[in-house]
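**Student:** The lines below spell out each chain.
Protein chains: 2
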Amino acid sequence: MFHNDAFRALDRQECLRLLAKVPVGRVVYTRHALPAVLPINFSLDADASVLLRTSPGSDLVRAIDGVVVAFEADEFDAATRAGWSVVVTGRATIVTDPDEHARLSETGPTSWMPPQDAQFVRIESEMVTGRELRGTPGVR
Amino acid sequence: MFHNDAFRALDRQECLRLLAKVPVGRVVYTRHALPAVLPINFSLDADASVLLRTSPGSDLVRAIDGVVVAFEADEFDAATRAGWSVVVTGRATIVTDPDEHARLSETGPTSWMPPQDAQFVRIESEMVTGRELRGTPGVR
Numbered sequence: 001m002f003h004n005d006a007f008r009a010l011d012r013q014e015c016l017r018l019l020a021k022v023p024v025g026r027v028v029y030t031r032h033a034l035p036a037v038l039p040i041n042f043s044l045d046a047d048a049s050v051l052l053r054t055s056p057g058s059d060l061v062r063a064i065d066g067v068v069v070a071f072e073a074d075e076f077d078a079a080t081r082a083g084w085s086v087v088v089t090g091r092a093t094i095v096t097d098p099d100e101h102a103r104l105s106e107t108g109p110t111s112w113m114p115p116q117d118a119q120f121v122r123i124e125s126e127m128v129t130g131r132e133l134r135g136t137p138g139v140r
Numbered sequence: 001m002f003h004n005d006a007f008r009a010l011d012r013q014e015c016l017r018l019l020a021k022v023p024v025g026r027v028v029y030t031r032h033a034l035p036a037v038l039p040i041n042f043s044l045d046a047d048a049s050v051l052l053r054t055s056p057g058s059d060l061v062r063a064i065d066g067v068v069v070a071f072e073a074d075e076f077d078a079a080t081r082a083g084w085s086v087v088v089t090g091r092a093t094i095v096t097d098p099d100e101h102a103r104l105s106e107t108g109p110t111s112w113m114p115p116q117d118a119q120f121v122r123i124e125s126e127m128v129t130g131r132e133l134r135g136t137p138g139v140r
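Sequences listed follow chains A and D, in order.
In terms of UniProt numbering, the first sequence has 12 at position 12, counting the first letter as 1, and numbering is strictly consecutive.
In terms of UniProt numbering, the second sequence has 51 at position 51, counting the first letter as 1, and numbering is strictly consecutive.
Hints are computed from structural coordinates only; laboratory data are not their basis.
This structure is a prediction, so every number in the text was calculated from the model and none was measured.
Any given hint could be a false lead.
Any copy, or any two copies together, can satisfy a pair, since identical chains are not distinguished.
To be verified - Once the Cα atoms are required to be at most 25 Å apart in a straight line, the calculated SDA-like pairs of lysine to any residue come out as: (1) 21 x 80; (2) 21 x 132; (3) 21 x 31; (4) 21 x 59; (5) 21 x 75; (6) 21 x 48; (7) 21 x 98; (8) 21 x 134; (9) 21 x 33; (10) 21 x 41; (11) 21 x 103.
Please model the complete structure; the sequences and the hints are all you need to start from.
**Tutor:** See below:
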């Protein structure tokens, strides 16, 4: 699916509304010159950027700080073969401003990991694309 | 999650067993020098390579034929914050052998799209990695 015209393109507002529904997405980046992907829970900031909470000095942070990455989320129902996918593409940056860090510690994404120091990463929503698959009968 | 040591690494056999449970994964590649990701249904071949069914001349095929890509699948439960993720990294190639094409037309992945000519793409499972997150209480 999702490789020809048999889907509906979603506008930016639809994409952001769908993104806000799911807790986990996937950061897509390059690591040691190979394509890499890492699932991570996230939240959306008021400016529609994607907020990640990771640990200082993590491999992920080292790989993506200052780099354009993609962030993908989706939902599919195998029974109806329907679903959607949204991709945010933009620069990822570590949040270094202390006030911003304090704000995100209160209102940003929580961690799915045991307690640890938090480092927040923001992915700007420079490009937001999405597609909806409405479901088709199974065919070979 | 999945960015420090608080998860369990899965061995290749566990990864393949989990991959076989889900119908949809995500191809991770580079498109116009940017990270790109596309959800697609798939199946596993007997040699553990990932099989995709797409349409001839699709953007995806043009972008990944002959290239090393990552293919990711996962399952997460937001309530328990538990789940798993598996990534297969390897070269993607269009299946050009007529006998192989015929075999996959019978036993390969079905399409979630309306009927169309099929083109099969195989992603070799050169590297298979996976991680399990067992679930932790929510913490900020």
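**Student:** Now tell me, hint by hint, if it's right for this structure.
**Tutor:** Hint check results:
no. : hint     : verdict
1   : 21 x 80  : both (19 Å within a copy, 17 Å between copies)
2   : 21 x 132 : both (15 Å within a copy, 23 Å between copies)
3   : 21 x 31  : neither (29 Å within a copy, 27 Å between copies)
4   : 21 x 59  : neither (27 Å within a copy, 29 Å between copies)
5   : 21 x 75  : both (10 Å within a copy, 16 Å between copies)
6   : 21 x 48  : within (13 Å within a copy, 33 Å between copies)
7   : 21 x 98  : neither (29 Å within a copy, 44 Å between copies)
8   : 21 x 134 : both (18 Å within a copy, 23 Å between copies)
9   : 21 x 33  : neither (32 Å within a copy, 30 Å between copies)
10  : 21 x 41  : both (12 Å within a copy, 22 Å between copies)
11  : 21 x 103 : within (22 Å within a copy, 40 Å between copies)
Going through the hint list in order, the structure does not satisfy hints 3, 4, 7, 9.
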